[in-house]
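Peer 1: Build out the structure end to end from the sequences listed, making use of the hints.
Read top to bottom, the protein sequences are chains A and B. So the first sequence is numbered by the working numbering: it starts at 827 and just counts up by one. So the second sequence is numbered by the working numbering: it starts at 827 and just counts up by one.
Treat the hints as calculated values from the structure; they're not laboratory data. Do not take every clue at face value.
One copy or two, it doesn't matter: identical chains are merged, so the pair holds either way.
[Said to hold, decoys possible] Quick list of in silico lysine to aspartate or glutamate cross-link-like pairs, DMTMM-like style, CA-CA up to 20 Å: (1) K830 to D842; (2) K904 to D974; (3) K876 to D1001; (4) K876 to D940; (5) K830 to E840; (6) K1045 to D937; (7) K909 to D940; (8) K909 to E884; (9) K909 to E875; (10) K1008 to D995; (11) K1045 to D940.
None of these values were measured; they are calculated from a predicted model.
Protein chains: 2
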Amino acid sequence: MMDKIAIEKKVLSENDKLAGSLRERLTAHRILCLNLVSSPGSGKTSLLEKTIAALNSEFRIALIAGDVQTENDARRLKRAGGKVVFPIVTGGRCHLDARMVTSITDQLSLDDLDILLVENVGNLVCPSSYDLGEDMKVVLISTTEGDDKPLKYPGMFLRSSVMVINKIDLLGSSDFDMATVKQNARSINGQLIMFELSCRTGAGLAPWNQWLGEQAKRKRSR
Amino acid sequence: MMDKIAIEKKVLSENDKLAGSLRERLTAHRILCLNLVSSPGSGKTSLLEKTIAALNSEFRIALIAGDVQTENDARRLKRAGGKVVFPIVTGGRCHLDARMVTSITDQLSLDDLDILLVENVGNLVCPSSYDLGEDMKVVLISTTEGDDKPLKYPGMFLRSSVMVINKIDLLGSSDFDMATVKQNARSINGQLIMFELSCRTGAGLAPWNQWLGEQAKRKRSR
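Peer 2: Here's what the structure looks like:
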């Protein structure tokens, strides 16, 4: 098993280098980059659909939709008004890496962009180890998944800057407790910025969109 | 990257050997072994709680609860009446492997068991590649995750024998369509045995428990 661990370290270190270059390049172009991570079905694509609808007129947004299989999410994002949308089909691999994202950004005209939103593969474990050159990781958790998830998958919550709690319209349909999930998340990462929202009803989307817009403006003015 | 792929193949081939030995040993002792896989929060632990309650008096059941971090699930299973419960904390690794399971079964008195239920790490990608010596993989999907999941994570649905659709009490609270999820799953794996149930309300649990009991009796009588 030492072989495997040594190789993993090498792969991660190569990824970190590529991600570092990508981050420099995106920052030189003053592009805000977010890496959205979560379990399958927490609502990453739904949140991006709503975000595009709200911010498309004010910002130039590119989207990368990663999936193990199918380009369904990329199609959904295009239908939602996404102007620059690229799928990445990993073909079985459990996470995006910096090389995959770079292969897309190499095709983009970076001077014409304000925001790059990367939707990672649905997986609460592996994507936490792979830097994609983003400014921040945003971890989604839905109220139907249980309030214990930050404790059981701490790596992702530790390495994320933002936690979005989705599906608040379903609060009360399980024993998910909002105070408990926040306390659990803070016990892992006291710096987490938190949003509560429902992509279905639209509740709570405004503060998220406003925050994201502010981050993009801040990056643009640097 | 060839290095990494070569190492992965070696690791998988070593795992397959260990899993093969474990399968032989479990079969020699006529123990039914199921490997439960799903996204985080689909309800693996909840289903096992209900299963123990229903089958504990008729069968001798051992449970292995795998998690990236915490022994919470093992504690829940003990509280639910589990008599032989072992946690496996992977400490960041994204799946169980045959070595981890063997390290538990080596501690068990296999003559005194009928059923071994293994709850894998919540991850719809990586655990599909790791044989644990089970008779069958059982993949859970909850109605809140979206009916497109079999298409987006085909490996898991291809390698599972059973699909349990949980949280049917929440049908109607999203655009999840039961006919669509089944059609999507069958397009990946036409042999899937399917159950629809709600661990919360108890609906649909009886056919699952009955089926599981029958599988155990069939294995015992071989």
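Peer 1: Taking the hints in turn, state whether each one holds.
Peer 2: How the hints compare with the structure:
Within a single copy, K830 and D842 get their C-alpha atoms as close as 18 Å, and across copies as close as 16 Å, so both meet the 20 Å cut-off. Proximity of K904 and D974 under a CA criterion of 20 Å is satisfied inter-copy only: 17 Å between copies versus 34 Å inside one chain copy. Only between protomers do K876 and D1001 lie at most 20 Å apart by alpha-carbon distance; the minimum there is 16 Å, versus 27 Å within a single protomer. Only within a single protomer do K876 and D940 lie at most 20 Å apart by alpha-carbon distance; the minimum there is 17 Å, versus 50 Å between protomers.
Taking the shortest Cα distances, K830 and E840 sit within 20 Å of each other both inside one copy (15 Å) and across copies (12 Å). In this assembly of identical chains, the alpha carbons of K1045 and D937 lie at most 20 Å apart only when taken from the same copy (14 Å versus 65 Å across copies). Taking the closest pair of Cα atoms, K909 and D940 come within 20 Å of each other only inside a single copy of the chain (13 Å); across copies the shortest separation is 57 Å, beyond that limit. Taking the shortest alpha-carbon separations for K909 and E884, only the intra-copy value of 13 Å comes in at or below 20 Å, while the best inter-copy value is 60 Å.
Taking identical chains as interchangeable, the C-alpha atoms of K909 and E875 lie at most 20 Å apart only when both belong to the same chain, with a minimum of 12 Å there against 47 Å between chains. Proximity of K1008 to D995 under the C-alpha cut-off of 20 Å is restricted to the intra-copy arrangement: shortest distance 17 Å within a copy versus 26 Å between copies. Taking the closest pair of Cα atoms, K1045 and D940 come within 20 Å of each other only inside a single copy of the chain (9 Å); across copies the shortest separation is 60 Å, beyond that limit.
Every hint, counting from the list given before, is met by this structure.
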